[in-house]
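Asker: This is what each chain is made of:
Protein chains: 2
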Amino acid sequence: MIDVALLGTGGMMPLPGRWLTSLLVRFNGSMILVDCGEGTQITAKLMGWGFKNIDAVLITHFHADHISGLPGMLLTIGNSDRTEPLRIIGPRGLRNVVAGLRTIAPELPYDVILEEIETDEWEGDVCGLKVGAIRLNHRVCCYGYSFSLPRKGRFSRENAVAHDIPLKYWSALQKEDRVVSEDGRVFTSDMVLGKERKGIKLCYITDTRPKDNIPAFIKGADLFICEGMYADKEKLEKVAEKKHMLFSEAAELAKAGDVRELWLTHYSPALVNPKAEVGAAKDIFPNTKAASDRYNRTINFEDDEGAV
Amino acid sequence: MIDVALLGTGGMMPLPGRWLTSLLVRFNGSMILVDCGEGTQITAKLMGWGFKNIDAVLITHFHADHISGLPGMLLTIGNSDRTEPLRIIGPRGLRNVVAGLRTIAPELPYDVILEEIETDEWEGDVCGLKVGAIRLNHRVCCYGYSFSLPRKGRFSRENAVAHDIPLKYWSALQKEDRVVSEDGRVFTSDMVLGKERKGIKLCYITDTRPKDNIPAFIKGADLFICEGMYADKEKLEKVAEKKHMLFSEAAELAKAGDVRELWLTHYSPALVNPKAEVGAAKDIFPNTKAASDRYNRTINFEDDEGAV
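Just so you know, the sequences run in chain order R and A.
Once you know that position 23 of the first sequence is 22 in numbering that gives the first Met the number 0, the rest is easy, because the numbers rise by one and skip nothing.
Once you know that position 193 of the second sequence is 192 in numbering that gives the first Met the number 0, the rest is easy, because the numbers rise by one and skip nothing.
Don't read these hints as lab results, they were simulated from the structure.
Warning: the hint list may mix true and false statements.
Keeping only pairs whose Cα atoms sit at most 27 Å apart, straight-line, the calculated DSSO-like set for lysine-lysine is [claimed, not checked]:
# : chain 1 : residue 1 : chain 2 : residue 2
1 : R       : Lys234    : R       : Lys210
2 : R       : Lys51     : A       : Lys210
3 : A       : Lys210    : A       : Lys288
4 : R       : Lys234    : A       : Lys174
5 : R       : Lys234    : A       : Lys44
6 : A       : Lys51     : R       : Lys241
7 : A       : Lys151    : A       : Lys174
Keep in mind that this is a model prediction, so the values were computed, not measured.
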């Protein structure tokens, strides 16, 4: 299972009562923070998951509302007695931006490892999760991220027998990828397991216009967190000029990507009550929620009954 | 008169319910912001004085809790339609620090004029106020600031007669420094005024250990805003090591400087209820207040009865 907390839901500037959009993903004792605008450390403190186990920070792009809180966050993580290295992953230019911001946070009790994404698509292991990135369509280079946790197939007695695996290795092969028998034979877990079951998938897309590569990227996600600057269709021209989306555009992506649930975020400061304006998006994709600060849930593997 | 708002009262990191220490001084339609930690723009928005008229930002020193909110603040000031230049004044190194932070705020609709203080003492005109600075004793170069508004003497009929000033220039000389008569004689305002009256003086001292030059610098201030990290005397060693002050040390300075009122600020995140612990400081300097966020007041010229 992974825990997901949307720490803030605002865009452009932090407001009294609405923090800037950022995400905390917790898995297996480790945390990944996605974006860190001004004040993110305060809403993270309210969330109560602590700071010490933030092992990686992913940055979508270098607009201030997505990164201005980074130096304060790095210092606060330092004050939590962290000494293990911390990874920061983001677009090309990350080293320059972090160096600039660290003018006021030059000394930290842990190493910072910077990794620049150089390509339009990227994949890597971050804190045990499979993380994917795709380049979006914003005013500056910006990436959307996915977080996947695959799930092995169920134990299959038929497979084990068909592969002639001695009974005493059945248990080990459900936990480990590979076992060597006493007489030197190599058995692999696929010999005793059925086909891979549906895992967990979470996607985070902000800031961007709708783009053709998004539906495939978010395909089948349990949770799709997506920006929506305004709901009002009359704002389309303004939204498009700023390279953002309407609520309805996010809902269209959710539908095309066949996701389970959509959380809207990154609202304009001028949008006072997002929940009141979510109707048209729900007409397109019924399981749409206008998220508010610290919206959170745990995503579990599906019951076996429901497994693919 | 000048309006004073202490936007936050915390030190080290912003907390839910306690913003980082910074000050807004409003005079004659202009505003001066002193320090700008993470979240200062949010408490400033709650204060409601607007952003467009922030004409100058003074920085005490470059620890993150005093400057990490600067890029976001500059952008928000830009969003308020400001086009007039904005001055930023601070210690040597200001250009480098602001350049680093502006990596994420490179484009602003107004010019930023940077002024580095090169000496241990400094004086200048900022937005019509006489601003003084002295070097404090912190872990990095840090300045305390004073804001003074002088007040001319009262009109003195005796002086005017003694200087043989024609009646028709009496009124003009109460407003202007200098008047030339029709027959070419030069009259100056001191010829018709009594001695200068007590003006307004505000002082802001954080972060520092007590220092010998502070009492003279704050002498007679109407309001002295001073750091106090902890109240508990048992914390002295820790406080001294971090180059901060106890409440009682701030109160001793207020007493030595013969100020009218002391507001404590810049509390440790570990100090939960500053107001409950202000007793010992009040024993030293009775008019001590443990300020909280957005403490504010208007400082007027004294009634003439009370004038010096």
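Asker: The structure should be examined with respect to each hint, and the outcome stated for every one.
Answerer: Verification of the supplied hints:
no.	hint	verdict
1	R:Lys234 x R:Lys210	holds (19 Å)
2	R:Lys51 x A:Lys210	violated (37 Å)
3	A:Lys210 x A:Lys288	holds (21 Å)
4	R:Lys234 x A:Lys174	violated (53 Å)
5	R:Lys234 x A:Lys44	holds (25 Å)
6	A:Lys51 x R:Lys241	holds (23 Å)
7	A:Lys151 x A:Lys174	holds (10 Å)
In this structure, the hints that do not hold are numbers 2, 4, in rising order.
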